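**Q** Chain by chain, the residues run as shown.
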Amino acid sequence: MAKQPVLLEAKNIIKDYGNGQVLNDISLQIHKGEVIVLVGPSGCGKSTFLRCMNGLEQIQAGQILLDGEVITEGKTDWPKVRQKIGMVFQSYDLFPHMSVIDNIILGPVKVQGRDKKEVTEEAEKLLDRVGLLDKKDAYPRQLSGGQKQRVAIVRALILKPEILLFDEVTAALDPEMVREVLDVILELASSGYTMLIVTHEMQFARAVADRIVFIDGGKIVESDTPEAFFTQPKTDRARRFLNTFIYAKDGEKLTSDSY
Amino acid sequence: MFDETTVNMLIEGTGATLYMTLVSTLFGYIVGLPLGIILAITDKTGIKPNVVIYKILDFIVNLTRSIPFLILLILVMPLTKLIVGQSYGSAATIVPLTIAAAPFIGRMVESSLKEVDKGVIEAAQSMGAGTFTVIWKVLLAEARTSLLVGVTIAIGTILGYSAMAGVVGGGGLGDIAIRYGYYRYETGIMIVTIVILVILVQILQGLGMMLSKKLDRRQA
Ligand SMILES: Nc1ncnc2c1ncn2[C@@H]1O[C@H](COP(=O)(O)OP(=O)(O)OP(=O)(O)O)[C@@H](O)[C@H]1O
Ligand SMILES: [Mg+2]
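Read top to bottom, the protein sequences are chains L and W.
Start counting the first sequence at 2; every next residue gets the next number (the numbering used here).
Start counting the second sequence at 342; every next residue gets the next number (the numbering used here).
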């Protein structure tokens, strides 16, 4: 398969919140249609990396390129760039004072200036796709966490972004709701969306990813196919990380083979 | 209990007090709302951080707020005279009331807007919302309950200030209370004016709280 063009690229980026480097020379290319899953221990810089990619955090060095154009130098029109880079957060962040449908159409109508009626119809179709059409007039407080997160995904989708960033979108959910959200993302992956996903759900990572990128200490330590990463991690650090997801009886010796 | 002229005077005084309070609140918000918005967005954690603008406005607000209202009333008399043509009566009182109210309202607006969840603001920014959209559709829309509670507090406070203006012939119920209660020892009239003031505050508070509850979608 011929490689698709690079859609979003990080070149040697360095991020420092003012108390040491959080991202330490990270470079990553995301090709069109590719699904990359970022994994790594807590605090390694995954969220920071995603936030840098759509300008929520400023980087101290390096470049970010979208469709081959540098977006981190000069005067970037962030509102315009961000319409192409959708992001969904762990805490859903729906607008509490707006109904589900209003949450979804706000972006297309107010930001993109699209026709309200047309957008509403589209929003209803998308809601139907995630099984929430009957909730369109509900308010966020009336929804379960899983439902809120599906609405948040629809809210990002309707802007027709070129790439979607997901930051631990199931981390705040009760176990029985994790599935319904991950299924939506799996479906998006199979319909060809380009995605950069941060997750602690290893089974899901394995199923959804074209490539797994393992970050530790603000650096990319491994970048491999899911098959290779989960069965034969190259580094000790990755192996140790993967072992933290394995539960064994009576302190049995833990190896990555038991995964 | 009172003769007709007294009753008429009390009715007129009530009208004048309401007039001063509401008009000053309106003017106070015309200045204070943008002020509060600018304070909220230019602060360190705001969506358009700008130390210089924030510090300057912050200083002006603190300065104005630290001047006791009675002093301010006298200080701005020349200005009042310039704008209204006279320095006494209810119309004239609106000038110092507005000057006193605006920074105080600005602070309340600032703190209401700062209560808006950062995540929700970032979600809007991630959708490509620009500064104006974030202010209008997220900050003001999401803070509206708190903003309305602020309006209620502002009205109550300005009503109190307007009564204080009575000391220097500011018109309204405060004026009546001072003239009759303080200078002529007609305690009856003074008590009635106080009762009316209390009732006014209660009604306005009640209305404000009711409205803000009605507009709150966050709770069942
Ligand atoms: N706003 C901030 N100011 C200062 N330091 C921060 C800030 N945000 C994150 N950090 C620090 O940067 C490092 C990376 O944080 P980040 O949230 O990116 O990690 P993460 O990989 O997403 O972790 P988790 O898996 O727990 O979500 C941490 O050491 C964190 O303390
Ligand atoms: Mg994180």
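These are computed hints drawn from the structure, not numbers from a lab.
No experiment lies behind these values; they were computed from the predicted model shown.
Each hint should be verified, as a subset may be incorrect.
Result set (DSBU-like, lysine-lysine): computed pairs, CA atoms no more than 35 Å apart in a straight line [unchecked claim]:
{"no.": "1", "chain 1": "L", "residue 1": "Lys126", "chain 2": "W", "residue 2": "Lys422"}
{"no.": "2", "chain 1": "L", "residue 1": "Lys118", "chain 2": "L", "residue 2": "Lys85"}
{"no.": "3", "chain 1": "W", "residue 1": "Lys422", "chain 2": "L", "residue 2": "Lys117"}
Computed beta-carbon distance windows for the label pairs [said to hold, decoys possible]:
{"no.": "4", "chain 1": "W", "residue 1": "Thr386", "chain 2": "L", "residue 2": "Asp26", "range": "49 to 57 Å"}
{"no.": "5", "chain 1": "W", "residue 1": "Gly547", "chain 2": "L", "residue 2": "Lys81", "range": "40 to 48 Å"}
{"no.": "6", "chain 1": "W", "residue 1": "Asp458", "chain 2": "L", "residue 2": "Gln61", "range": "21 to 29 Å"}
{"no.": "7", "chain 1": "W", "residue 1": "Val392", "chain 2": "L", "residue 2": "Asp68", "range": "30 to 38 Å"}
{"no.": "8", "chain 1": "L", "residue 1": "Asp17", "chain 2": "W", "residue 2": "Val392", "range": "54 to 62 Å"}
{"no.": "9", "chain 1": "L", "residue 1": "Lys118", "chain 2": "W", "residue 2": "Gly547", "range": "33 to 41 Å"}
{"no.": "10", "chain 1": "W", "residue 1": "Thr386", "chain 2": "L", "residue 2": "Asp237", "range": "45 to 53 Å"}
{"no.": "11", "chain 1": "L", "residue 1": "Lys76", "chain 2": "W", "residue 2": "Ile424", "range": "40 to 48 Å"}
Simulated coverage check for chain L against chain W, where a stretch passes if three residues somewhere in it have a Cβ under 8 Å from a Cβ of chain W [stated by the list, open to error]:
{"no.": "12", "stretch": "76–90"}
{"no.": "13", "stretch": "111–118"}
{"no.": "14", "stretch": "216–226"}
We treat Cβ as the ideally placed atom computed from N, Cα and C, and that holds for glycine.
**Q** Please name the hints from earlier in the document that this structure breaks, with their numbers sorted from lowest to highest.
**A** As far as the earlier hints go, 1, 3, 4, 8, 10, 14 are violated by this structure, in ascending order.
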